[in-house]
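Enquirer: Starting from the known structure of chain A, arrange chain B on it as the hints suggest.
Residues per chain are reported as follows:
Protein chains: 2
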Amino acid sequence: MPVGTQGAVKAIRQSDLEEVGAEIILGNTYHLLLRPGDDLIGRLGGLHRFIGWDRPILTDSGGFQVYSLAQRRAITEEGADFQSHLDGARYLLTPERATDIQTRLGSDIAMAFDECVAFPATREQAADATMRSVRWAERCRRRFLDVQARADGTPSASNSGQAQFGIVQGGTFQDLRDESADATVQVGFEGYAIGGLSVGEPIDQMYAVAAATARRLPADRPRYLMGVGTPEDLVECVAHGIDMFDCVLPTRNARNGQLFTSRGRVNIRNARYADDGGPLDPQCTCYTCRRHSKAYLRHLHMAGEMSAAALNTLHNIRFYLDTMRRIRDAIAFQTFEKFRQEFLRSVSTGTP
Amino acid sequence: MPVGTQGAVKAIRQSDLEEVGAEIILGNTYHLLLRPGDDLIGRLGGLHRFIGWDRPILTDSGGFQVYSLAQRRAITEEGADFQSHLDGARYLLTPERATDIQTRLGSDIAMAFDECVAFPATREQAADATMRSVRWAERCRRRFLDVQARADGTPSASNSGQAQFGIVQGGTFQDLRDESADATVQVGFEGYAIGGLSVGEPIDQMYAVAAATARRLPADRPRYLMGVGTPEDLVECVAHGIDMFDCVLPTRNARNGQLFTSRGRVNIRNARYADDGGPLDPQCTCYTCRRHSKAYLRHLHMAGEMSAAALNTLHNIRFYLDTMRRIRDAIAFQTFEKFRQEFLRSVSTGTP
Numbered sequence: 001m002p003v004g005t006q007g008a009v010k011a012i013r014q015s016d017l018e019e020v021g022a023e024i025i026l027g028n029t030y031h032l033l034l035r036p037g038d039d040l041i042g043r044l045g046g047l048h049r050f051i052g053w054d055r056p057i058l059t060d061s062g063g064f065q066v067y068s069l070a071q072r073r074a075i076t077e078e079g080a081d082f083q084s085h086l087d088g089a090r091y092l093l094t095p096e097r098a099t100d101i102q103t104r105l106g107s108d109i110a111m112a113f114d115e116c117v118a119f120p121a122t123r124e125q126a127a128d129a130t131m132r133s134v135r136w137a138e139r140c141r142r143r144f145l146d147v148q149a150r151a152d153g154t155p156s157a158s159n160s161g162q163a164q165f166g167i168v169q170g171g172t173f174q175d176l177r178d179e180s181a182d183a184t185v186q187v188g189f190e191g192y193a194i195g196g197l198s199v200g201e202p203i204d205q206m207y208a209v210a211a212a213t214a215r216r217l218p219a220d221r222p223r224y225l226m227g228v229g230t231p232e233d234l235v236e237c238v239a240h241g242i243d244m245f246d247c248v249l250p251t252r253n254a255r256n257g258q259l260f261t262s263r264g265r266v267n268i269r270n271a272r273y274a275d276d277g278g279p280l281d282p283q284c285t286c287y288t289c290r291r292h293s294k295a296y297l298r299h300l301h302m303a304g305e306m307s308a309a310a311l312n313t314l315h316n317i318r319f320y321l322d323t324m325r326r327i328r329d330a331i332a333f334q335t336f337e338k339f340r341q342e343f344l345r346s347v348s349t350g351t352p
Numbered sequence: 353m354p355v356g357t358q359g360a361v362k363a364i365r366q367s368d369l370e371e372v373g374a375e376i377i378l379g380n381t382y383h384l385l386l387r388p389g390d391d392l393i394g395r396l397g398g399l400h401r402f403i404g405w406d407r408p409i410l411t412d413s414g415g416f417q418v419y420s421l422a423q424r425r426a427i428t429e430e431g432a433d434f435q436s437h438l439d440g441a442r443y444l445l446t447p448e449r450a451t452d453i454q455t456r457l458g459s460d461i462a463m464a465f466d467e468c469v470a471f472p473a474t475r476e477q478a479a480d481a482t483m484r485s486v487r488w489a490e491r492c493r494r495r496f497l498d499v500q501a502r503a504d505g506t507p508s509a510s511n512s513g514q515a516q517f518g519i520v521q522g523g524t525f526q527d528l529r530d531e532s533a534d535a536t537v538q539v540g541f542e543g544y545a546i547g548g549l550s551v552g553e554p555i556d557q558m559y560a561v562a563a564a565t566a567r568r569l570p571a572d573r574p575r576y577l578m579g580v581g582t583p584e585d586l587v588e589c590v591a592h593g594i595d596m597f598d599c600v601l602p603t604r605n606a607r608n609g610q611l612f613t614s615r616g617r618v619n620i621r622n623a624r625y626a627d628d629g630g631p632l633d634p635q636c637t638c639y640t641c642r643r644h645s646k647a648y649l650r651h652l653h654m655a656g657e658m659s660a661a662a663l664n665t666l667h668n669i670r671f672y673l674d675t676m677r678r679i680r681d682a683i684a685f686q687t688f689e690k691f692r693q694e695f696l697r698s699v700s701t702g703t704p
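As they're listed, the protein sequences go chains A and B.
Residue numbering for the first sequence follows the working numbering, starting at 1 and increasing by one per position.
Residue numbering for the second sequence follows the working numbering, starting at 353 and increasing by one per position.
With the rest of the complex left out, here is chain A (with noise of 0.2 Å):
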């Protein structure tokens, strides 16, 4: 999933996205209740309506927003209160609120809200975040519940068909993660995400875990790993057992000049590509890569073109869904295993 902040994948316009074949974008509920804030978006219409895109969006909780960007933030039982990155001012986003918000959004899927786990935390400080974040788990499902059945006192719902997904915590401890899935699962939701992995642990720890907690939810259900990641990574949680992922990588990346390809990394930057008449990736036919040679998109960059940001961020996420697209037709056409091979040796293999 593209990932479309504060209602827009940055540098790029929604027709971008249909064209690149994106079927769902991630919104962030802390940014949009921060700005413009749920209720003038409930007021026209949701979340698809205000951005323009009629394809699904999943919406997380804003736990993960509360400990990577909010200032001063204090959890307690109730929830969490913490002030804006923006102008200070003060939020207490708890399980019911953080079901709300989303359900004013309108979005398709819609996270519980949860205690990210730091990394590094003690098992004391993992497991009491955990253990928190499955009992707001059960709070944001009952909120969802009710709100689906249109219980008094509960904001109209713009998305009858919305679904709801629970997160696992647990850090790096396996039987943390172990007993956050069991008692998530329990609550019950439509689908389960592993969160709190890819916030500084080492790749093969985030594997491991990734690889057993996915292992210990249901195979019926989607698994997401959130916050994740290479290209590669994509590849080998997937090859663990994971099905959907959201990063900023692709698009962060692309506005630094940081491109992905058949043929590994591109940084666009580079000298060697000042006179490059060729295409940035010729398996490629994304419009950047159909229309512009390396030497344009390095003219664009070096000269600080925003339209550089704009083509490089189309790539990107062509090549990321490019790539998720392989991966299932390997799956359909049971060719899986070779193909996460010669992914890994042909994407991995330095600058071309």
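Some hints here could point you the wrong way.
[As the list claims (entries may be wrong)] Derived list of chain B stretches under chain A, where covered just means 3 residues or more per stretch with a C-beta under 8 Å from a C-beta of chain A:
| id | stretch |
| --- | --- |
| 1 | 362-369 |
| 2 | 389-400 |
| 3 | 620-632 |
| 4 | 656-663 |
[Said to hold, decoys possible] Just some of the chain B residues that point at chain A, by a computed CB distance under 10 Å:
| id | residue |
| --- | --- |
| 5 | Gly359 |
| 6 | His383 |
| 7 | Gly404 |
| 8 | Thr474 |
| 9 | Arg475 |
| 10 | Cys636 |
| 11 | Thr637 |
| 12 | Ser645 |
| 13 | Tyr648 |
| 14 | Arg650 |
| 15 | Leu652 |
No lab work stands behind these hints, which were simulated from the structure alone.
Quick caveat, the model's predicted, so the values are computed rather than measured.
From the three backbone atoms N, C-alpha and C, an ideal C-beta is built for every residue, glycine too.
Expert: Chain B only, in chain A's frame:
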């Protein structure tokens, strides 16, 4: 002509320009000389190929940027010696060199190298720059014809169909303008531009000089008013005999949230648009107006999203091109004077 200073119209991509119906864009010789350099662009097949744009391109000669951007400039009869505003490197632009650079770029319309008259200027200053520009125009034309004839020592032309326009100077002194126009026409170009206006003089004076100078230029050749202007300026100056314009106003204002519509100007930052679910301009059929609301455009702008600049630029260019299309239609149907009155009334009446 939308302005593509560094080989790109800021914030949008070439397919956007095609979509809104741009038939010609402008590139800046000064900027392209400094970065990435005319040699590199020439090696890669010329400017069209370098930027991936197969419709016409007009390149200016650098004269205006030497005046407005370059540092420590010294003008002699030979040419303009100046420092790059990017890195302080020294350059010498002469009439011959400005012509050769544009040959290498392979634009469809090249401009003669001139000395822009400052405003205010004494009569003596204006006369000096104007007469030097005439002598430079002769040198530009000679060089251009030599190149076309593929005389020895000239760069090979990547665009054998290139035209060259002369530029009339004279500041706000109409007798100097007349003298410059006559002498430039005497040299003989495929078209004629009026330069050195819109540099700070009162608007009525700009209109008056443009009108009187346009009358002095041959009716069977394009008359191009450089660096102008507002939508109202386009209509007024066409009334005074001008055929072509370029200006950064639609693109620069778009990036600042200043939008042109059929009902007047819109400052999208205005809080009144926060809740406005309607399109920016109901009469406009551009992507931005078809797909998004003023509320969303305001949100993107306030949130600092690059896509705000892209969507706004797309609309403003469409509005400018639509205005020119409507002018052409009105002339063809002999209803121009009626159109002019209605246009000035509807567009100039404050913020809707």
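Enquirer: Compare the structure with each hint and give your call.
Expert: Okay, the hints, checked on the actual structure:
Under the rule that three or more residues need a Cβ within less than 8 Å of chain A, the assignment of the stretch 362-369 of chain B holds, with 6 such residues. Closer than 8 Å: that is the beta-carbon criterion, and the stretch 389-400 of chain B has 4 residues meeting it against chain A, so the requirement of 3 holds. Coverage of the stretch 620-632 of chain B by chain A holds. Counting CB-CB distances below 8 Å, 3 residues qualify, and the rule asks for three or more. Only when three residues or more bring their CB closer than 8 Å to a CB of chain A does the claim for the stretch 656-663 of chain B stand; here the count is 6, and the claim holds.
Here the hint on Gly359/B is kept, as its CB sits about 7 Å from the closest CB of chain A, short of 10 Å. About 8 Å separates the beta-carbon of His383/B from the nearest beta-carbon of chain A, less than 10 Å, and the hint is met. A cut of 10 Å between beta carbons decides the hint on Gly404/B: the least distance to chain A is about 5 Å, and the hint holds. Checking Thr474/B against chain A: minimum C-beta separation of about 37 Å lies over 10 Å; hint violated.
Annotation: Arg475/B was flagged as interfacial toward chain A, and the flag is violated, the nearest CB pair being 40 Å apart, outside 10 Å. A distance limit of 10 Å between C-beta atoms decides the matter here; for Cys636/B the minimum to chain A is near 15 Å, and the interface restraint is violated. Interface restraint check for Thr637/B: the shortest CB-CB distance to chain A comes to about 14 Å, outside 10 Å, so the restraint is violated. The criterion of a C-beta within 10 Å of any C-beta in chain A is met by Ser645/B, whose closest approach is roughly 7 Å, and the hint holds.
A cut of 10 Å between beta carbons decides the hint on Tyr648/B: the least distance to chain A is about 6 Å, and the hint holds. Of the supplied interface hints, the one on Arg650/B holds, with its beta-carbon coming within about 8 Å of a beta-carbon of chain A, less than 10 Å. The closest approach between the C-beta of Leu652/B and any C-beta of chain A is roughly 6 Å, which is under the 10 Å cut-off, so the hint is satisfied.
The structure fails to meet hints 8, 9, 10 and 11 from the earlier list, while all remaining hints are met.
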